[in-house]
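The listed protein sequences derive, respectively, from chains A and B. So the first sequence is numbered by our numbering: it starts at 1 and just counts up by one. So the second sequence is numbered by our numbering: it starts at 1 and just counts up by one.
Honestly, I wouldn't trust all of these hints.
Because identical chains cannot be distinguished in the list, a pair is counted as satisfied if it fits within a single copy or across any two copies.
[Said to hold, decoys possible] Under the rule of at most 25 Å between Cα atoms (straight-line distance), these lysine to aspartate or glutamate pairs were calculated in the DMTMM-like manner:
id, residue 1, residue 2
1, K68, E5
2, K103, E140
3, K121, E159
4, K121, E26
5, K103, E88
6, K51, E113
7, K35, D64
8, K68, D50
9, K103, D81
10, K51, E116
Hints were generated in silico from the structure; no laboratory data involved.
2 protein chains.
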Amino acid sequence: MSRWEPNARERLAKAALELYSERGYERTTVAEIAKRAGLTERTFFRHYADKREVLFDGSNHLQDLFVKAVNDAPESAAPIDIVAAALEAVSEVFVDRRAFARKRQAVITANAELQERELIKLAALSAALTDALRRRGIAEPAASLTAEAGLAVFRIGFERWVAPGEERPMWPLMREALAALRTVAAGA
Amino acid sequence: MSRWEPNARERLAKAALELYSERGYERTTVAEIAKRAGLTERTFFRHYADKREVLFDGSNHLQDLFVKAVNDAPESAAPIDIVAAALEAVSEVFVDRRAFARKRQAVITANAELQERELIKLAALSAALTDALRRRGIAEPAASLTAEAGLAVFRIGFERWVAPGEERPMWPLMREALAALRTVAAGA
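Modelling step: build the complete structure from the supplied sequences, incorporating the hints.
Here's what the structure looks like:
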């Protein structure tokens, strides 16, 4: 088998998720994932540190996207509008990812350790967002509150987007959640 | 040593926190905690499942307080005002707890496993708050967003309250954070 396998990373992720869904995350081994993908264990470890990392591979990318969108927002934008712009930018990369995201979510929901990992990743994302907002000159506690509010909208919008039967794209759902937050905060 | 020790629970918590602060959480044993408190290991395990639980003993109580305050809010209250009432009720129990809370926070900040535990407890609190709001007839996504927004205010208000040099009581800090959230959400 040659060192270079086309789409090895994606094939491994697809195989892993299939196996996690079929037999459970705990009962799946790296050897089985590699075999299902038609690749070797060595190739697996060239791409992922362990079987958990397959599920959280996108987290760093997501964080980079969020931070970049915050940095790129117009200078005059209000904090909440910066976050709205970031949510819109992030939503774009989820197009065509719903089937994958639904399976991934089901695997995570079934496993306490994975749920904890997800919480840790979200806390890191919140800290990165807060930093990016501070670097734009937004003072505390507004920077932290904007980041937390934005992440609450992201989590709730995401939950609705992956819910069974939901067919609307991500951004309208995020926008709706953001509008609901504004309504709530206004005391209506 | 008699089975009944006055204030055993509090003495153990105080001894544990002292030791965690002095020599680190990892390097402290239950035997040492019991000795410092002038009690036996058996007494320790009558009160706490393990040395980690000493630090999270208050979490269930906090959750009960939050939920009770949500249940007790006037029927006509808007979601955000329900959460404000809950934050005020919760703030009252922190009076005279700042020295303890500061030490606890320093121990948790120094240990990744304890930070994860804190995230898990906060996620459980968020879920309990959301449920309590739903039971009051608040629809989704408003219930989840109100709970998340309330918890963001709680976390940020709490962080400021335990910060070195901060002397204001908790409720004014929470109220300020809540006002900042309203300002942020209004797009100002």
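Structure-based check of all given hints:
1. Taking the shortest Cα distances, K68 and E5 never come within 25 Å of each other, neither inside one copy (31 Å) nor across copies (58 Å).
2. For the identical chains of this complex, K103 and E140 are inter-copy neighbours only, at 23 Å across copies versus 38 Å inside a copy, given an alpha-carbon limit of 25 Å.
3. In this homomeric assembly, K121 and E159 come within 25 Å of each other (Cα to Cα) both inside a single copy, at 16 Å, and across copies, at 20 Å.
4. With identical chains, the CA atoms of K121 and E26 are at most 25 Å apart both within one copy (20 Å) and between copies (24 Å).
5. For the homomeric pair K103 and E88, the shortest alpha-carbon distance inside one copy (23 Å) is at most 25 Å, but the shortest distance between copies (41 Å) is not.
6. When the C-alpha separation of K51 and E113 is checked against a cutoff of 25 Å, the pair qualifies both within a copy, at 13 Å, and between copies, at 21 Å.
7. Taking the shortest alpha-carbon separations for K35 and D64, neither the intra-copy value of 32 Å nor the inter-copy value of 49 Å comes in at or below 25 Å.
8. In this assembly of identical chains, the alpha carbons of K68 and D50 never lie at most 25 Å apart, being 28 Å within a copy and 43 Å across copies at closest.
9. Within a single copy, K103 and D81 get their C-alpha atoms no closer than 32 Å, and across copies no closer than 38 Å, so neither meets the 25 Å cut-off.
10. Taking identical chains as interchangeable, the C-alpha atoms of K51 and E116 lie at most 25 Å apart whether they share a chain (15 Å) or sit on different chains (20 Å).
The structure is inconsistent with the numbered hints 1, 7, 8, 9, although it conforms to all the rest.
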